[in-house]
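Please build the complete structure, drawing on both the sequences and the hints.
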Amino acid sequence: MKVKDLERTANIAWSPSNEHPIYLAAGTAAQQLDASFNTNAVLEIYSLNLSEPGLDMELKSSVNADQRFNKVIWGGYDKANGHGTIVGGCDRGVIQIYNASKLLKSETALSAQTTKHTGSVHALDFNPFQSNLLATGAAESEIYIWDLNNTNAPMTPGVKSQPFEDVHCIAWNRQVQHILASTFSSKCVVWDLRKNEPIIKLTDTVSRIRWKVIAWHPEVATQLCLASEEDQAPIVQLWDLRFATSPLKTLENHQRGILSIAWCAQDCNLLVSCGKDNRILCWNPNSNNPGGEVLSEVAKTNQWNFDVTWCPKNPALIACPSFDGHVSVYSVMGGKVQQVQTTNKIADSFPGMDEYAQAPVPQQSTPASVDLTKPPKWLKRPIGATFGFGGKLITFACESSQAQNTQEHVTSPLIRTIFVSQVITEPDLVNKSAELEQALEYGNFTEYCRNKADSLMDQHKRNIWYFLKANFEENPRAELLNLLGYKIEDVNNKLNEVIGIQNNVDGLTDQFSNLNQPGSYENSFSLDQYANLSQNTEKKTTYTIKTSDDTEGLITQALLLGNLEAAVELCFKADRFADAIIIAMSGGPELLARAQYRYLQQSEGYVSSIISALVSEDWTSVINNCDINSWKEALVATLTHSSNEDLPKLCELLGNRLEADGKLNPKFAQNAQLCYICAGNFEKLVNSWSDSVKKSSNDLQELVELVTFLQKSVERQGRKVEIGTRLGDLLAYYASLLASQGNLSAALSYLGNSQNQQIGSLRDRLSISLGYKPAYAQLPRSRQSSRQSFSNYSNPIPSPTVPAYNQFNTALPSQPWQQQTQAPPPQQPFSPPPATTQPPRPTSVGSAHGGSSVLGSRGKYLVDPSVQSGNLYGGRNFNTNPYPTPNVPLNPTPIANIPPMPPLPNQPNVHNQPMGNVEKLEPMPGYVPLSTASGWNDPPALRRSMPRPPPKSEYSSMDPITHPLYGVPTPNVPASNGFMEPIPNQQSFPPNPMFNQNFDHNQPITQPPLPPTTGFMQPHPEAYNQNFNANFQQPQPPVQVAQEVPAPIEKLPLPEEHKIIQIVFDDLRNRCTNTANNPQTKRKLEEVVRKLESLYDMLREDKLSPNTLSALHQLVQLIQAGDYTSCLNLHTQLVSGPDFSQIASFMPGLKVLIQCALQLQVYLR
Amino acid sequence: MVTVLNSIDTGHEDMIHDAEMDFYGLRLATCSSDNSIKIYDIKNGAHTLLEDLKGHFGPVWQISWGHPKFGNLLASCSYDRKVIIWKEQQGKWSKYYEYANHDSSVNSVQFAPPEFGLALACGSSDGCISILTYHEESNTWEAKKIQNAHAIGCNSVSWCPAVTPEPDFGNDEETTFVRRLVSGGCDNLVKIWQEDGDKWVEANKLEVHSDWVRDVSWAPSSGLNRHYIASCSQDRRVIIWTSEDIKTWNSNVMHTFDDVVWNVSWSLNGNILAVSGGDNKVSLWKQSMEGTWMCISDVLKGQSAM
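If you read the sequences in order, they're chains A and B.
Last residue of the first sequence: 1165 (full-length UniProt numbering), numbering continuous.
Last residue of the second sequence: 306 (full-length UniProt numbering), numbering continuous.
Possibly wrong hints are sitting among the right ones.
Stated by the list, open to error - A few chain B residues that face chain A, going by a derived Cβ cut-off under 7 Å, partial list only:
| # | residue |
| --- | --- |
| 1 | MET1 |
| 2 | VAL2 |
| 3 | ASN6 |
As the list claims (entries may be wrong) - Stretches of chain B that chain A covers, calculated by requiring three or more beta carbons in the stretch to come under 8 Å of a beta carbon on chain A:
| # | segment |
| --- | --- |
| 4 | 237-249 |
| 5 | 270-276 |
What the hints assert, rightly or not - Label-pair distances were calculated between CB atoms; the ranges are:
| # | chain 1 | residue 1 | chain 2 | residue 2 | range |
| --- | --- | --- | --- | --- | --- |
| 6 | B | TYR97 | A | GLY1122 | 54 to 60 Å |
| 7 | B | LYS286 | A | GLN717 | 41 to 47 Å |
| 8 | B | TYR97 | A | ASP428 | 42 to 48 Å |
| 9 | B | ALA100 | A | ILE200 | 24 to 30 Å |
| 10 | B | ALA100 | A | GLU52 | 27 to 33 Å |
| 11 | A | GLN755 | B | THR140 | 33 to 39 Å |
| 12 | A | LYS160 | B | THR256 | 46 to 52 Å |
| 13 | A | VAL1135 | B | THR140 | 27 to 33 Å |
If you are wondering where the hints come from, they were derived from the structure by calculation, not from laboratory data.
This structure is a prediction, so every number in the text was calculated from the model and none was measured.
All C-beta atoms, glycine included, are put in the ideal place defined by N, C-alpha and C.
See below:
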């Protein structure tokens, strides 16, 4: 596509590659006349001006020259770090040297002019390595090498070649600086300047050729292209000087002689040529196509193009001067030709000469876009990096830029490899978040708070954490008072000292201990107590009752007649306040209240205010009216006296006051935060927190920790946690930050259940990304299932906390979701899968069963976070099963008086079970240990009765904690925490498989519950009837039958994507077992089963890191390919990797298996 | 801190030019000079080839995932002058729409943020930018073309985020957004385009680079009231352009590298910039509190050197 156009017949040169912007120097061409017969010579500089639309270039400067030009070149040589040097070759042996900087300023720029040469100077070239070296060639085989620092004495490269001819072209080698090539009509001579002689002469004896131009390969030092201007042989030849007897390639497409060629410095697969057939062609000179490969016909013009050059800076551009009076700049990248506005400047300047001007300029435009059939190198982006959701970085790169040239490198693995990395920019945040998650998971709040407080330097922040910690103490209020400087015992002791009455201490302490339940606090002085007291202290003195009319007498009279109201009034008048109150107390609550009110009205001072508050139970006034400096005392009073309902409000009120005064004293603002903590008010706390949280992730983390713990404490108080907008936003922001660090599951737990669209979409994105929700399919609109875990903030019941996985393994979904992701897609049949794809796994049956019956192995299944959240209730670690577990206290060992648990024929393979047990069970008569894969043979009757596993999704969507069905407690299970103490009569019951720890309600259960000896089992069938199918309702077989029938309780199937692992490993192991003939190997392989089972369990529970998983899949592929050596290598690699602790339980087994397979020469195919 | 989680041998037979994760990070699409596009399932650190799309007749330069609310769409652009939108239906990917109205290599393609509707911008070596917008009522794609956006070629296009910068998670109101684009090209310019009625007009012409602009990337909204655009160039520089009002832009040379810079890419929350250079280096940059840009990590072949 033509990009720019200049109406000149000129020799041109691009500015050097370091020049910006791009200029084009144009010197009037010699031997040409324009329509005006002008013989002036000018040297002009144009700016390419690409950013402007249109074909015009901007003329930057123009100087008149003495001579017209045969060739113009522009090199970087410039002592003043300017724009370089422009050299023109002229007729009569003249060489003109211009300073480009001066030229651009339109100053006198001619810095030197020599006339050493004979004849016309057509050949010019700057040395690409030493910009001061200039080679020139003219008539009579003259070649000079000039040092621009001193142009007086040029050198010669050697003896002039014979016969004397015009030097058409001269070119320095692009790789080796002292090699120079020159063309004459009949030959090409290559000189070595160090030897000062020609080192090689190229002549083509076969065809009639007139060499015109030479171009060195930009990268391969020994290769060059020669173009012939001979119309009979308009060819370009590629020569390699190492094999200089004949050309390597011949490019044939021009119809008439070639006038110029140019090799692209940026892409050596591009060479342009122009010729007397008026065409400009772009070739791939390295192509092996016979006759050469034309990548495009860049342009077809009206006249000969006598030169072509690549723009050194912009590789897509070539400039072509032609004899029709144009210098055109073309892009080889194609595109539509712009609308050409032909302004006929000649005609403009010479009115009346239209007819001359018009003749040779019938503008033509090629409508079709012309681009290269193969993309140039500069379009090929060799490297890139993009970010993905969750802080993932995807990178790819080419080995090196040279690799692109040679085909064999192209398919090297590195080029095709893409890396997915986790980017963590906030490692502190991630670590702290992990600590937080862990603390939440284990429920050791107090300890966390203490550690946190101790780790902080800031006293205020320490206070905050101590306040939070107090909330988790057994007696939060006492602890808070303590923190405020009121240690109850100390104060009491002090009071006692002052009062000096020992026997009241008990009463006081009682009273104070009641503070812990302020709601139930009542006036503890009863009449009985009074009676007791009066008895103890009664003085045995006699007195006379006076009824005179003085105050005392009047009071006596009023008392005697029971006019208490009057008595009180009289007392008040006599300032006998104590008497008044005591009398009023007997006069009923109304009177008392009035009396109290009146007393308090009359008395002055803060003590009375507090008494007033105490009496009226209205602490608001204290909080509102106390001096703000007494906030601490006000808070103490509030904590001591107010009810659970009032406390938050009052604390908040105090906080508000403090915050309002925070402008005066920043201390108050901080104290306000303490009040908000006491109040459990998130919104206020967040608001009062500095605004820096959005900028500093540390501050944010701190606030989130604070809020999280406050939330826990509020939950502990049984209050509903309400999340306001501000906090919701903050948590959402925190979540997005966590997500950006790849901590997706933790992020999800902070998102709350806000209906905000943005939060909602982030939530969806997270859950889909974690695999909790199906992606890509039509998303189910009901999000009920995914809501559960977000209910953190609205649900007073602590919801499952997502366990803090290693932050690098965040792709691991947390456990409760895993059930969902494992749920088979609906189209999958629920009937037992065919044995070939999923052989029954008696081993897992055994272990599942054994796991539940052996206490020691329980821990293995305690991975469900929802289970672990049980901790939050009271931090009791043993109560980890949220499901009602009526018969959890299973007796691990069979009891003598009842037939032992039917031994499972395949139990030898049970892992995690004490060996003693296994051995005890194994030798049971009538059962031969069966091969795991093929040997499974249930009695047909049983197989038929095997229930179809109900659709899992039905179950997984249920709330794991509060499912009504399983929540029904069995009547004869002690409601208290009897779960650890075996109840005597329960010992006689065999374990009920349905209540194993996993609670696999979707397991096919072939063994009906064993017949009960008491009514103990009765409720269960009913409970399950709704979910399991009918065979549970069938009469239960007698014990004997049950004993003979193994209980193949299958574990959950492996996640779909990992099934292959199981299939391959099991298959390999079976084949090995079948092949193995020495007992030692067989024993080893049995060991392997156990290890494999451990692996499968981990897969089921999704405990493995993505790295491990991918390695396992790789291992499986290698096994399938029979490449055991690589398997072992990979194994070693894995074991020495970072996940060792995670995989230690099964890796040895895999090694044994692979070694056995290698030894026994067992291959899967 | 950069930790390699997964390395995927794509099996491409020639250079890879782009690799993009989908919205959820569950799939990875790659494209290559071998004319093909591959889609991988990368859930849980595994990688399974799901699809090998062959429909282009030239190197595929760039790919872009559509937002899942429009279905599962992937757009690709190629040296063969075509833009293809692929769609997954019933687990199979097939050609959904093909746009062949460019006269030269299409170098860049990007789906618009979903708030702008289903739309796609393409930049081509013919100097034009096309904006394709899907109209649901008529089930058609409407193409608008910016002619001569960049002389001798547009190398990259990137959409302005739809979120007008304001505290994130703020209001839910539906606002009508002005659609904007940034583009970079062989004329060394970075240009900002704005939809005005039924035309696209040049809003800004940013001229600092001294060589081809290889890539431009408009940062996703970081929640701060400021727009960021990163551009990288053959001149070995990365420039960060900032604006408070999307009208006036300030330039700041982030760094001058040792080699040409091919690619700039923002993290999803717009605070980290990944820069890929011709010296085979990827580095991660972050703006400090004081406003200076710091290299926080060098990634070599996916391995980190912090």
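Hint-by-hint comparison with the structure:
Proximity of MET1/B to chain A holds as hinted, the smallest CB-CB distance being about 4 Å (cut-off 7 Å). Given the 7 Å rule on beta carbons, the hint for VAL2/B holds: about 5 Å separates it from the nearest Cβ of chain A. With a least beta-carbon distance of about 4 Å to chain A, the hint placing ASN6/B at the interface is held under the 7 Å criterion. Counting residues of the segment 237-249 of chain B whose CB lies closer than 8 Å to any CB of chain A gives 0, so the stated coverage by that chain is violated, three being the minimum.
Under a criterion of three residues with beta carbons nearer than 8 Å to beta carbons of chain A, the stated coverage of the segment 270-276 of chain B is upheld, 5 such residues being counted. The given range of 54 to 60 Å is broken by TYR97/B and GLY1122/A, whose C-beta atoms sit roughly 46 Å from each other. Taking 41 to 47 Å as the suggested C-beta distance range, the pair LYS286/B and GLN717/A conforms, at roughly 42 Å. For the pair TYR97/B and ASP428/A, the supplied restraint of 42 to 48 Å holds, since their beta-carbon distance comes to about 47 Å.
Roughly 50 Å separates the CB atoms of ALA100/B and ILE200/A, a value that falls outside the hinted 24 to 30 Å. Distance hint check: the CB atoms of ALA100/B and GLU52/A are about 29 Å apart, consistent with the given range 27 to 33 Å. For GLN755/A and THR140/B, the hinted distance range of 33 to 39 Å is satisfied, since their beta carbons lie about 35 Å from each other. For the hinted restraint 46 to 52 Å between LYS160/A and THR256/B, the CB-CB distance of approximately 48 Å keeps it satisfied.
Range check, VAL1135/A to THR140/B: Cβ separation about 59 Å, and the 27 to 33 Å hint is violated.
Hint check: violations occur at hints 4, 6, 9, 13; the rest are consistent with the structure.
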